[in-house]
Amino acid sequence: MRYKLRSLSGLLAFDAAARHGSLTLAAKELGRTQSAVSQQVKGLEDQLGFALFIRRPREIELTPAGRALAKSVKQALEGIDDRITTLMRRHEPNVIRLSAYHSFAIQWLIPRLPRFNMAHPEIDIRVNADDHQVDVAAEGYDLAIRGGWLRKLPPGVKPMRIEKYMPVYAPELAGGRDITAQELGDFPLIGYEDRSYWNDWLFHNGLELNNPDFGKTYSHSGLLVQAAIVGAGIGMAPLATAAQALIDGRLRCVKGKASSNGFCFYTVASEEPPSENVAMFVKWLHDEMDQMEIDLQQFLTEN
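Throughout the sequence shown, residue numbering follows the numbering used here, covering 26 to 328 in sequence.
The hints are simulated quantities; they were obtained by calculation from the structure and are not laboratory data. Keep in mind it's a predicted model, so treat the numbers as computed, not measured. Just so you know, not all the hints are guaranteed correct.
[To be verified] In the EDC-like style, the derived pairs of lysine to aspartate or glutamate whose C-alpha atoms are separated by at most 20 Å in a straight line are:
no.	residue 1	residue 2
1	67	54
2	280	320
3	29	40
4	308	296
5	189	225
6	241	208
7	280	318
8	308	149
9	99	164
10	96	106
11	183	315
12	29	70
13	280	233
14	183	313
15	308	320
16	183	297
17	53	86
18	189	320
19	282	327
20	280	208
21	67	84
22	99	86
23	280	327
24	189	312
25	282	208
26	99	70
27	241	211
28	280	197
Make the full structure from the sequences, and use the hints.
What follows is the structure, encoded as structure tokens:
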């Protein structure tokens with residue numbers, strides 16, 4: 026079959042211009058000059074025999090025919106991109122492209138990843154920290170580590186860990202001595218903007234505070250834990266994020282029972298069943314979580 030178009034460059038220029046509504050922004054995306062993109066779109070229009078854009082002094086607008094073509098071109102290019110991604114994965118079987126939340130990646134995963142690398146030097150784990158819930162396959166990942174509520178997990182998904190929370194603080198905050206639960210009201214309390222984490226722990230431990238000093242709030246658990254480490258106050262922290270700092274002695278726990286609101290971490294693979302390497306890495310993640318729980322329980326018992 027002989028295709029009507031002699032070049033795809035005009036279609037790529039048209040697609041970018043249609044998405045941005047601007048020849049200038051299309052040129053920036055494609056790494057070309059605005060004049061070159063304009064000429065390529067004009068060349069495409071000449072081949073087709075009809076206009077794709079209405080051109081105004083500072084903007085362009087798709088014609089009805091342009092809108093119809095833009096939709097088809099977008100679908101076709103996305104299909105090509107998906108196929109290329111799949112083929113690239115097949116030719117790089119020892120690469121695992123991983124998406125994980127910032128705090129989880131920095132505070133939990135990265136410190137432990139060298140152990141996996143030593144055991145499996147042939148596998149290249151490429152981590153991208155991103156807090157939005159990625160479309161694993163469409164965005165080119167092999168695996169994503171996500172957080173969500175246990176009651177809302179997709180069917181058949183096994184959580185890596187159901188998160189637990191404890192008040193943590195730097196030893197220097199109280200001059201090196203332990204802080205008791207009854208003294209919580211004497212120190213700044215830090216946490217998320219949602220104070221239910223603090224309320225849940227207090228309720229779980231049969232405590233009530235009068236006029237507590239709620240200080241700074243943080244959007245990420247990693248920021249919260251770091252604030253506690255530098256002595257900003259007592260933080261209601263997820264133990265997975267605070268574990269290493271607790272074991273290293275940079276943080277201590279207020280004595281009490283850990284609370285949980287059903288938040289958990291789980292994995293989503295781009296393919297089911299996952300590849301052998303992805304399945305092995307997921308098992309390693311679960312094993313590391315289990316070992317962390319053992320280490321934490323031992324630490325909390327001894328301290």
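Structure-based check of each hint:
Taking the CA atoms of residue 67 and residue 54, the gap is near 18 Å; set against the 20 Å cutoff, the hint holds. Between the alpha carbons of residue 280 and residue 320 the distance comes to roughly 17 Å, so the proposed pair stays at or under 20 Å and holds. For the hint pairing residue 29 with residue 40, the CA-to-CA distance comes to about 18 Å; that is within 20 Å, so the pair holds. Of the supplied pair hints, the one linking residue 308 and residue 296 holds, its CA atoms being roughly 16 Å apart against a limit of 20 Å.
As the CA atoms of residue 189 and residue 225 are separated by approximately 11 Å, the hinted pair is consistent with the 20 Å bound. For a cut-off of 20 Å, the pair hint linking residue 241 to residue 208 stands: about 19 Å separates their Cα positions. Pair hint residue 280 plus residue 318 holds up; C-alpha atoms about 17 Å apart against a cutoff of 20 Å. For the hint linking residue 308 to residue 149, the alpha-carbon distance of about 16 Å falls within 20 Å, and the restraint holds.
A threshold of 20 Å between alpha carbons decides the hint, and for residue 99 with residue 164 the separation of about 16 Å falls inside it, so the pair holds. Between residue 96 and residue 106 the alpha-carbon distance is near 15 Å, which keeps this suggested pair within the 20 Å criterion. The suggested pairing of residue 183 with residue 315 holds, with an alpha-carbon distance near 13 Å, which does not exceed 20 Å. For the given pair, residue 29 sits about 13 Å from residue 70 by alpha-carbon distance, which is consistent with the 20 Å threshold.
Taken as a hint, the residue 280 and residue 233 pair is honoured in the structure, with Cα atoms around 15 Å apart against an allowance of 20 Å. A hinted pair counts as satisfied when its Cα atoms are at most 20 Å apart, and residue 183 with residue 313 qualifies at roughly 15 Å. Between residue 308 and residue 320 the CA atoms are separated by roughly 18 Å; this keeps the pair inside 20 Å, and the hint holds. Distance check on the hinted pair: residue 183 and residue 297 sit about 14 Å apart at the alpha-carbon level, within 20 Å; holds.
The suggested pairing of residue 53 with residue 86 holds, with an alpha-carbon distance near 18 Å, which does not exceed 20 Å. With a C-alpha separation of about 14 Å, the suggested pairing of residue 189 with residue 320 holds against the 20 Å cut-off. A hinted pair counts as satisfied when its Cα atoms are at most 20 Å apart, and residue 282 with residue 327 qualifies at roughly 15 Å. The hinted pair formed by residue 280 and residue 208 meets the criterion: a straight-line CA distance of about 11 Å does not exceed 20 Å.
The straight-line distance between the Cα atoms of residue 67 and residue 84 is roughly 15 Å, inside the 20 Å bound, and the hint therefore holds. This hinted pair checks out: residue 99 and residue 86 have alpha carbons roughly 17 Å apart, not beyond 20 Å. Distance check on the hinted pair: residue 280 and residue 327 sit about 12 Å apart at the alpha-carbon level, within 20 Å; holds. Note on residue 189 and residue 312: the hinted pairing holds, with a Cα-Cα distance of about 18 Å set against a maximum of 20 Å.
Of the supplied pair hints, the one linking residue 282 and residue 208 holds, its CA atoms being roughly 16 Å apart against a limit of 20 Å. For the proposed pair residue 99 and residue 70, the alpha carbon gap of about 17 Å is at most 20 Å, so the pair holds. Among the hinted pairs, residue 241 with residue 211 is consistent with the structure: their alpha-carbon atoms are about 15 Å apart, no more than 20 Å. As the CA atoms of residue 280 and residue 197 are separated by approximately 17 Å, the hinted pair is consistent with the 20 Å bound.
The structure agrees with every numbered hint stated previously.
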